[in-house]
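Sequence lines, in order, name chains B and P. Read in the UniProt record's numbering, the first sequence has 93 at position 93, and its numbers run on one by one without any break. Read in the UniProt record's numbering, the second sequence has 2 at position 2, and its numbers run on one by one without any break.
Just so you know, the hints here were simulated from the structure itself, not pulled from any lab data. Here a beta-carbon is modelled for each residue, glycine too, at the ideal position from N, C-alpha and C.
With a straight-line Cα cutoff of 27 Å, these simulated DSSO-like cross-link-like pairs (lysine-lysine) come out: (1) P:K134 <-> B:K188; (2) B:K169 <-> P:K27; (3) B:K80 <-> P:K110; (4) B:K74 <-> P:K27; (5) P:K129 <-> B:K149; (6) B:K744 <-> P:K31; (7) B:K284 <-> P:K46; (8) B:K711 <-> P:K19; (9) P:K44 <-> B:K324; (10) P:K44 <-> B:K364; (11) B:K336 <-> P:K61; (12) P:K130 <-> B:K284; (13) P:K46 <-> B:K357; (14) B:K31 <-> P:K110; (15) P:K14 <-> B:K31; (16) B:K149 <-> B:K169; (17) P:K61 <-> B:K711; (18) B:K110 <-> P:K110; (19) P:K130 <-> B:K188; (20) B:K284 <-> P:K61; (21) P:K61 <-> B:K357; (22) P:K27 <-> B:K711; (23) P:K130 <-> B:K226; (24) B:K110 <-> P:K19; (25) P:K30 <-> B:K711; (26) P:K94 <-> B:K284; (27) B:K284 <-> P:K44; (28) P:K129 <-> B:K284; (29) P:K134 <-> B:K146; (30) B:K169 <-> P:K31; (31) B:K324 <-> P:K46.
Restraint ranges, calculated between C-beta atoms of paired labels, are given here: (32) P:D74 <-> B:P396: 24 to 32 Å; (33) P:A64 <-> B:D323: 18 to 26 Å; (34) P:V22 <-> B:P235: 32 to 40 Å; (35) P:P23 <-> B:S695: 43 to 51 Å; (36) P:Q12 <-> B:N378: 50 to 58 Å; (37) B:G62 <-> P:V22: 14 to 22 Å; (38) B:T752 <-> P:V22: 31 to 39 Å; (39) B:K110 <-> P:D74: 31 to 39 Å; (40) P:Q12 <-> B:T117: 37 to 45 Å.
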Amino acid sequence: WVCHTPIRLRELIRTIRTARTQAEEREMIQKECAAIRSSFREEDNTYRCRNVAKLLYMHMLGYPAHFGQLECLKLIASQKFTDKRIGYLGAMLLLDERQDVHLLMTNCIKNDLNHSTQYVQGLALCTLGCMGSSEMCRDLAGEVEKLLKTSNSYLRKKAALCAVHVIRKVPELMEMFLPATKNLLSEKNHGVLHTSVVLLTEMCERSPDMLAHFRKLVPQLVRILKNLIMSGYSPEHDVSGISDPFLQVRILRLLRILGKGDDDSSEAMNDILAQVATNTETSKNVGNAILYETVLTIMDIKSESGLRVLAINILGRFLLNNDKNIRYVALTSLLKTVQTDHNAVQRHRSTIVDCLKDLDVSIKRRAMELSFALVNGNNIRGMMKELLYFLDSCDPEFKADCASGVFLAAEKYAPSKRWHIDTIMRVLTTAGSYVRDDSVPNLIQLITNSVEMHAYTVQRLYKALLDDISQQPLVQVASWCIGEYGDLLISGQCEEEEPIQVTEDEVLDVLEGLLVSNLSSPVTRGYSLTAIMKLSTRFSSVNRIKKVVSIYGSSIDVELQQRAVEYNALFKKYDHMRPALLERMPIMEKTASNGPTEIVQTNGEAEPSVVEPKHPPPVGQPASQVKNTVFGLVSRCLSLMAFYLFDLSKTVNFLSIGIPPMTAYNKNGLKIDFTFERANPNPNVAVITIHASNSTEADMTDFVFQAAVPKTFQLQLLSPSSNVVPALNQGTVTQVIRVLNQQKLRMRIKLTYIHKGSAVQDLAEVNNFPPQSWQ
Amino acid sequence: MFMQFMLLFSRQGKLRLQKWYVPLSDKERKKISRDLVQTILARKPKMCSFLEWRDLKIVYKRYASLYFCCAVEDQDNELITLEIIHRYVELLDKYFGSVCELDIIFNFEKAYFILDEFLLGGEAQETSKKNVLKAIEQADLLSMELYLVF
Numbered sequence: 001w002v003c004h005t006p007i008r009l010r011e012l013i014r015t016i017r018t019a020r021t022q023a024e025e026r027e028m029i030q031k032e033c034a035a036i037r038s039s040f041r042e043e044d045n046t047y048r049c050r051n052v053a054k055l056l057y058m059h060m061l062g063y064p065a066h067f068g069q070l071e072c073l074k075l076i077a078s079q080k081f082t083d084k085r086i087g088y089l090g091a092m093l094l095l096d097e098r099q100d101v102h103l104l105m106t107n108c109i110k111n112d113l114n115h116s117t118q119y120v121q122g123l124a125l126c127t128l129g130c131m132g133s134s135e136m137c138r139d140l141a142g143e144v145e146k147l148l149k150t151s152n153s154y155l156r157k158k159a160a161l162c163a164v165h166v167i168r169k170v171p172e173l174m175e176m177f178l179p180a181t182k183n184l185l186s187e188k189n190h191g192v193l194h195t196s197v198v199l200l201t202e203m204c205e206r207s208p209d210m211l212a213h214f215r216k217l218v219p220q221l222v223r224i225l226k227n228l229i230m231s232g233y234s235p236e237h238d239v240s241g242i243s244d245p246f247l248q249v250r251i252l253r254l255l256r257i258l259g260k261g262d263d264d265s266s267e268a269m270n271d272i273l274a275q276v277a278t279n280t281e282t283s284k285n286v287g288n289a290i291l292y293e294t295v296l297t298i299m300d301i302k303s304e305s306g307l308r309v310l311a312i313n314i315l316g317r318f319l320l321n322n323d324k325n326i327r328y329v330a331l332t333s334l335l336k337t338v339q340t341d342h343n344a345v346q347r348h349r350s351t352i353v354d355c356l357k358d359l360d361v362s363i364k365r366r367a368m369e370l371s372f373a374l375v376n377g378n379n380i381r382g383m384m385k386e387l388l389y390f391l392d393s394c395d396p397e398f399k400a401d402c403a404s405g406v407f408l409a410a411e412k413y414a415p416s417k418r419w420h421i422d423t424i425m426r427v428l429t430t431a432g433s434y435v436r437d438d439s440v441p442n443l444i445q446l447i448t449n450s451v452e453m454h455a456y457t458v459q460r461l462y463k464a465l466l467d468d469i470s471q472q473p474l475v476q477v478a479s480w481c482i483g484e485y486g487d488l489l490i491s492g493q494c495e496e497e498e499p500i501q502v503t504e505d506e507v508l509d510v511l512e513g514l515l516v517s518n519l520s521s522p523v524t525r526g527y528s529l530t531a532i533m534k535l536s537t538r539f540s541s542v543n544r545i546k547k548v549v550s551i552y553g554s555s556i557d558v559e560l561q562q563r564a565v566e567y568n569a570l571f572k573k574y575d576h577m578r579p580a581l582l583e584r585m586p587i588m589e590k591t592a593s594n595g596p597t598e599i600v601q602t603n604g605e606a607e608p609s610v611v612e613p614k615h616p617p618p619v620g621q622p623a624s625q626v627k628n629t630v631f632g633l634v635s636r637c638l639s640l641m642a643f644y645l646f647d648l649s650k651t652v653n654f655l656s657i658g659i660p661p662m663t664a665y666n667k668n669g670l671k672i673d674f675t676f677e678r679a680n681p682n683p684n685v686a687v688i689t690i691h692a693s694n695s696t697e698a699d700m701t702d703f704v705f706q707a708a709v710p711k712t713f714q715l716q717l718l719s720p721s722s723n724v725v726p727a728l729n730q731g732t733v734t735q736v737i738r739v740l741n742q743q744k745l746r747m748r749i750k751l752t753y754i755h756k757g758s759a760v761q762d763l764a765e766v767n768n769f770p771p772q773s774w775q
Numbered sequence: 001m002f003m004q005f006m007l008l009f010s011r012q013g014k015l016r017l018q019k020w021y022v023p024l025s026d027k028e029r030k031k032i033s034r035d036l037v038q039t040i041l042a043r044k045p046k047m048c049s050f051l052e053w054r055d056l057k058i059v060y061k062r063y064a065s066l067y068f069c070c071a072v073e074d075q076d077n078e079l080i081t082l083e084i085i086h087r088y089v090e091l092l093d094k095y096f097g098s099v100c101e102l103d104i105i106f107n108f109e110k111a112y113f114i115l116d117e118f119l120l121g122g123e124a125q126e127t128s129k130k131n132v133l134k135a136i137e138q139a140d141l142l143s144m145e146l147y148l149v150f
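Based on the provided sequences and hints, a complete structural model is requested.
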């Protein structure tokens with residue numbers, strides 16, 4: 001009976017690395033695993049450590065190692081230090097808290113926390129702080145607390161971080177660590193100082209009471225930071241001429257939390273922040289890391305305006321840094337502050353715009369978002385030039401967002417209607433297939449309302465169609481326009497540019513071409529058929545149109561068929577109504593009175609109010625009355641057409657996505673509704689538009705809406721439409737929130753405004769998000 | 001800063017070290033590692049060291065043939081994370097003497113031990129290089145028998 005010694009770890013590694021194929025490697029691994037398994041079965045104490053170590057290596061290569069889990073526990077229970085070292089390592093790699101077996105560690109850890117050798121205690125603290133489950137933390141919190149009070153700095157620093165983990169797992173245990181925090185900051189040992197600051201930070205972030213309690217530490221923290229900056233060269237903690245940057249950054253972060261919203265604390269830290277901001281060496285990453293943290297702190301606390309400007313200027317300098325990492329953090333931070341310190345950020349606009357040309361995708365994205373945030377009435381022409389150039393050349397992943405941004409900016413700040421239409425045309429022709437579906441009704445509304453530009457618009461759109469019919473949003477808007485303003489097109493009325501010569505037949509050729517082209521989506525076909533129908537009251541070629549409409553009465557596409565049948569009916573039975581129905585669209589209001597709150601229905605579908613007709617309207621009524629009854633008593637087919645003709649921008653959001661809107665807040669006359677859509681191309685980003693309305697008799701001014709989400713989410717708040725919520729529901733303030741989420745959405749909102757002379761502030765939890773908004 | 005995990009991997013995508021500070025099953029860890037490694041290896045050299053991935057911030061840097069990659073949370077300072085990575089590399093370098101990938105491959109358990117003296121629960125426990133190395137040295141002495149067994 002030959003008892004063979006298990007091969008050494010390094011030898012196994014060497015052997016496995018000689019394998020030339022995956023299959024060869026697998027064979028070696030299987031052979032060794034079999035040997036290890038039988039060794040485990042024999043309860044071999046001597047080589048258990050070696051075997052588990054080998055198993056861990058194989059596990060890292062991707063092979064199963066669960067049969068070693070109990071062996072790790074045996075190693076942990078051993079009295080040999082080497083065994084414990086590998087045992088704990090194995091536990092951290094092979095076990096996770098979801099498995100019951102990990103609880104078997106608890107007793108060993110408890111014993112080891114009280115071991116006579118500090119390195120054993122260290123192993124236990126490390127393991128507990130890395131993977132301790134809630135149950136383990138509950139059982140062992142007392143031991144950790146004891147060690148937090150020891151004078152042994154090696155153990156104290158580990159205990160502090162272990163306490164952080166315990167608090168994260170079992171927040172209710174936070175209180176028990178409070179007494180031990182008493183003298184933590186008096187330590188000279190940097191390790192203890194650093195971990196203590198981390199512990200204090202964790203406690204302050206979790207509990208407003210703790211935060212209030214620890215505010216008194218501000219002077220001490222300021223002193224420690226000052227010593228770090230002023231002290232001479234300390235070889236032990238020096239990094240490129242800076243003393244313990246890790247500790248400096250953590251202190252700055254804790255100061256941020258303590259100073260936020262508190263005048264006294266903010267004042268107490270003002271000088272040191274200014275000092276760090278001006279004296280920190282910027283040639284290396286480490287100095288910039290500290291400056292970055294300082295800027296974040298300055299922007300978050302109640303700092304003087306001079307200090308804020310200093311901070312923004314630091315970010316401005318960051319933008320010019322050769323190091324792209326620095327540029328990246330600068331853009332991220334500027335994005336956060338652009339709302340509150342708009343003017344200061346504006347000064348760096350040209351540098352930000354230059355970043356649109358950066359090679360890095362993340363930098364480009366941030367530069368784009370920031371650029372849109374900085375667009376205003378003064379810089380619109382210049383900014384738009386840059387952004388349109390960016391739109392032309394950017395990666396597809398940006399095009400949808402950029403196009404939407406351009407539309408929004410153009411809508412807000414267009415210097416002239418002609419410029420506005422030209423800008424829209426530019427977007428549709430260069431990035432037309434990336435434009436979001438909801439842009440189409442928005443643009444239609446815009447074009448409708450720009451009455452004096454109708455002829456110019458339809459001409460430009462017609463010419464664009466002659467060039468390219470592949471971009472659906474462009475084709476849809478163009479079809480709609482031609483349907484509406486085809487008469488202007490053929491009459492050559494354009495003033496803005498040379499009018500083109502085109503006949504009715506040519507126009508109908510183009511529209512019919514869209515119907516048959518396989519580039520056209522079903523929605524586009526719908527638009528074109530409707531456009532052709534509308535031209536029956538604007539063109540004289542009614543027979544041709546009747547023919548087209550009757551052909552499509554037997555189309556395979558059910559939507560198209562239905563429309564054609566209904567239009568046929570219009571020709572046959574309701575011909576007297578046709579002119580009124582197909583009349584030019586009136587200007588559409590985009591205010592709250594037509595807003596979503598009135599049209600919302602719980603299933604997410606929205607339709608303009610319609611009533612099923614019982615009888616057709618009596619013949620011989622005056623035209624205007626006919627019009628009124630038509631729009632009041634409209635049959636289902638016409639209500640469908642009305643839907644397509646009347647698309648109000650806000651309603652399409654409901655329909656195309658089907659996520660029901662919700663009321664998030666309704667108190668004291670202030671009502672805030674949320675409407676939803678999914679961002680494109682990233683479906684994990686929920687785009688929420690808030691609509692704030694005010695039913696009281698006085699305006700709500702200085703209205704600020706803020707939102708906070710749990711740590712696992714990312715939130716971005718764009719500019720509000722205005723700061724005044726007009727009285728008596730005369731208008732809404734809208735604002736867009738983007739949330740990156742894959743879990744149940746929760747939000748806390750804060751509202752501040754001035755109403756009848758007094759300042760109002762309110763906080764609320766929003767928990768009633770419809771499941772579709774986060775699934 | 002709270003680090004959720006740290007991965008070390010080669011240019012061929014082979015994992016050399018994986019330290020997890022959040023509870024995840026083996027299956028989940030494998031999936032994350034696979035996805036993230038692919039994402040990072042696909043990045044061009046001129047791109048910055050930071051990217052958003054799921055709801056985390058990823059900070060990574062390449063040292064010779066090894067990628068050091070950390071996942072931190074939204075409020076964490078990316079620039080100081082780079083310094084954390086650099087500090088770990090310096091520690092490895094001091095311990096192994098001009099460290100290279102082979103050192104990490106053949107002595108992976110030591111790489112873990114060193115990491116566990118530098119970080120605990122995703123945060124830095126010791127900011128002095130000297131103290132970390134001293135602790136490792138002492139612990140190694142304690143396990144002198146290590147040489148006999150291994």
